[in-house]
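Protein chains in written order, with UniProt numbering: chain A, 1 to 361; chain B, 1 to 244.
Simulated from the structure, these hints should not be mistaken for laboratory data.
Note that this is a predicted model, so its numbers are computed, not measured.
Among the clues, some could well be false.
Unchecked claim - Taking lysine to any residue pairs in the SDA-like style, the calculated list, with each CA pair at most 25 Å apart, reads:
#, chain 1, residue 1, chain 2, residue 2
1, B, K153, A, P304
2, B, K205, A, E41
3, B, K223, B, N104
4, B, K205, A, P304
Unchecked claim - Now the stretches of chain A that chain B is said to cover, found in silico as 3 or more residues with beta-carbon under 8 Å:
#, stretch
5, 26 to 40
6, 159 to 171
7, 197 to 206
8, 275 to 281
Cβ atoms here follow ideal geometry from the backbone N, Cα and C, with glycine treated the same way.
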Amino acid sequence: MKTASERYAALVRLVESRTVTRATPALLLPAGPYFDLAGEEFGRNLLLTTTNNGVEYCLRPDFTLPIAQQYLEDGLTGAPSAYTYLGPIFRQYQSTPVEFEQAGLELLGQADADNALDQVLTFARWALAIYDITAPSVRLGGVGLFEAFLEAAQIPVAWRSRIRHRFGHPEALERLMERLANPEERVEAPAPDSRDTVIEIVTDAMLSGGLSLIGSRTPEEIADRYLEKQALESAPIPPETVALLQNYLSVAESTETAFERISEMCKQAGFDFDEPLYQVRNHAAALAALSPNADVIFDASFSPRLDYYTGIVFEMTGSDGEVLASGGEYDRMLERLGAGEPVKASGCALWVDRLEREAEQ
Amino acid sequence: MSTLPGGLTLAIPSKGRLEELTRKAFSTARMNIARPGGARSYVGSIKNQPQVTVRFYPAAEIARELILGGVDIGVTGSDLIHEASENGEENVLFVRGLGFGEANVVVAIPDSWIDVQQMTDLADVASDFRSRHGRWLRVATKYVNLTRRHFAKYGIAEYRIVESAGATESAPAAGSADLIVDITSTGSTLAANQLRVLEDGLIMKSEANLIVSRTADWTPLRKAQLEALLSIMGGVPPGISTLL
Numbered sequence: 001m002k003t004a005s006e007r008y009a010a011l012v013r014l015v016e017s018r019t020v021t022r023a024t025p026a027l028l029l030p031a032g033p034y035f036d037l038a039g040e041e042f043g044r045n046l047l048l049t050t051t052n053n054g055v056e057y058c059l060r061p062d063f064t065l066p067i068a069q070q071y072l073e074d075g076l077t078g079a080p081s082a083y084t085y086l087g088p089i090f091r092q093y094q095s096t097p098v099e100f101e102q103a104g105l106e107l108l109g110q111a112d113a114d115n116a117l118d119q120v121l122t123f124a125r126w127a128l129a130i131y132d133i134t135a136p137s138v139r140l141g142g143v144g145l146f147e148a149f150l151e152a153a154q155i156p157v158a159w160r161s162r163i164r165h166r167f168g169h170p171e172a173l174e175r176l177m178e179r180l181a182n183p184e185e186r187v188e189a190p191a192p193d194s195r196d197t198v199i200e201i202v203t204d205a206m207l208s209g210g211l212s213l214i215g216s217r218t219p220e221e222i223a224d225r226y227l228e229k230q231a232l233e234s235a236p237i238p239p240e241t242v243a244l245l246q247n248y249l250s251v252a253e254s255t256e257t258a259f260e261r262i263s264e265m266c267k268q269a270g271f272d273f274d275e276p277l278y279q280v281r282n283h284a285a286a287l288a289a290l291s292p293n294a295d296v297i298f299d300a301s302f303s304p305r306l307d308y309y310t311g312i313v314f315e316m317t318g319s320d321g322e323v324l325a326s327g328g329e330y331d332r333m334l335e336r337l338g339a340g341e342p343v344k345a346s347g348c349a350l351w352v353d354r355l356e357r358e359a360e361q
Numbered sequence: 001m002s003t004l005p006g007g008l009t010l011a012i013p014s015k016g017r018l019e020e021l022t023r024k025a026f027s028t029a030r031m032n033i034a035r036p037g038g039a040r041s042y043v044g045s046i047k048n049q050p051q052v053t054v055r056f057y058p059a060a061e062i063a064r065e066l067i068l069g070g071v072d073i074g075v076t077g078s079d080l081i082h083e084a085s086e087n088g089e090e091n092v093l094f095v096r097g098l099g100f101g102e103a104n105v106v107v108a109i110p111d112s113w114i115d116v117q118q119m120t121d122l123a124d125v126a127s128d129f130r131s132r133h134g135r136w137l138r139v140a141t142k143y144v145n146l147t148r149r150h151f152a153k154y155g156i157a158e159y160r161i162v163e164s165a166g167a168t169e170s171a172p173a174a175g176s177a178d179l180i181v182d183i184t185s186t187g188s189t190l191a192a193n194q195l196r197v198l199e200d201g202l203i204m205k206s207e208a209n210l211i212v213s214r215t216a217d218w219t220p221l222r223k224a225q226l227e228a229l230l231s232i233m234g235g236v237p238p239g240i241s242t243l244l
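Chain A on its own, in the form it takes in the complex (with noise of 0.2 Å):
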């Protein structure tokens, strides 16, 4: 029977193991960079502080980001690195004042990314093996997949990037997919404006209202999406391309069951899928050979609503429903704190309060 200290010792083994650098990134930090890369929705939880000329510092709320600024900083940006961490995180909630401890691993500009992730997958595992922790809940989701998955549907592009940008929000796409499912009756749509009138008319209302026409948005921006919209309108996707969306993200069972699923509703469709769900089919296939207990599912309609978020991602909960670990790849992350162009990144982030707390049950 091991006690709480001996588990802590053993993840601090882990994860300073010799393949890793363990990071460890100040306490307190700009909070701006936060705000830029998550804004306002992930803001609320910071713990913040103002300095007397107004500059805004956070209690280190995750370890991720100023790992991939420092990364960014000493000039790695491609060059394949991991780090890993452990220590506190200080968020609120409720307005109450929360001080989780956490663990992770991060590996940025690994050549391999798949290869990556499944490292990344074994991490996990063992931090939770340490705890005892052998038949966790897994659920799998793919950010690329459905990327891919509006692609191949054939989606139009406009409704593509307004479909992607709700997922991850089950409310604000499911208000999506009823607009879809039922299009506004349109009266006799009048005969659609030329853009330069629509330009003119936006134009002479921004200058009347006194609005700079450079500083926010352009009378060429508003009109040019004013145009979209009515287009979008007079041509609906086809009802069977909501239904099969709306299909395909209700798909929430074990791996195999989910991907045979989503491949015999891509034929039926008419289009093949399977080279897409191929990648996703390996990592669930690594993820049960290292834990042959675990309950896997893929959920198609699971991401985190965090847009630099690319490919596969992953959430572990134990026994009370309590996410133990989370993570996934973000190779949007560094181009988004100015890498000038997406790196590959993956990592998880463990919950160490929660794993103790599972181990005593």
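Please build the complex by placing chain B on the supplied structure of chain A, with the hints as guidance.
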């Protein structure tokens, strides 16, 4: 701040029309609020109700004090309770609206954004705003919590809030924000600034409310005093204190 074992603290807006109308509402119920030191004083009393201590606070502070249990009863806008804390409404009991201070908290955009009618349009605009303009879409408001909650409900994450202390409606023209979340009663200020409320841009309807703190220390004696005071106010069914 209440002194034990009995006694109630009532918080009243300290200035302006809100103070005036609140005192009028109490005097209609034959409870004249005395403020002996005039506008500079922050403590008052009610004639014939010696167990009640009246305190004068700015309206936003009344909301905070009610949530934290620093005062027992207060009059303030329901919008301020929702704004003061993410779970503010769980910590108070709205007894009843007082029929004044009515205003709506709304999302308003420049009228020239002819492609935007609903929150879902705004979600589309927000999603690629940064790649077009190299910065987040900016929302000027003093209602930080209400804005965050409403935007999250519509799946909008890609924006930044610019905190605005006053004259929020001028932020788009001043170039400090792209749109606003603000309070409006007649809509005329918005219209004068050529701003338009989104079709589903009503975040909440607000009015001045008589509010009881759930987090104050409610002894049986103080509950009885509360019931008595509310029954004099009228329009309140008996038994409110059983909900505390």
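Evaluated hints:
1. This hinted pair checks out: K153 of chain B and P304 of chain A have alpha carbons roughly 15 Å apart, not beyond 25 Å.
2. For the hint linking K205 of chain B to E41 of chain A, the alpha-carbon distance of about 23 Å falls within 25 Å, and the restraint holds.
3. Among the hinted pairs, K223 of chain B with N104 of chain B is inconsistent with the structure: their alpha-carbon atoms are about 33 Å apart, more than 25 Å.
4. Taking the CA atoms of K205 of chain B and P304 of chain A, the gap is near 32 Å; set against the 25 Å cutoff, the hint is violated.
5. Coverage of the stretch 26 to 40 of chain A by chain B holds [criterion: at least 3 residues with CB-CB distance below 8 Å; count 5].
6. Interface restraint, the stretch 159 to 171 of chain A with chain B: holds (6 residues with C-beta to C-beta distance below 8 Å; minimum three).
7. Only residues whose beta carbon comes within less than 8 Å of a beta carbon in chain B count, and the stretch 197 to 206 of chain A has 5; three or more means the coverage holds.
8. Against chain B, the stretch 275 to 281 of chain A contributes 0 residues with a C-beta closer than 8 Å to a partner C-beta. That does not satisfy the three-residue criterion, and the hint is violated.
Hints 3, 4, 8 from the list above are not met by this structure, while the remaining hints are.
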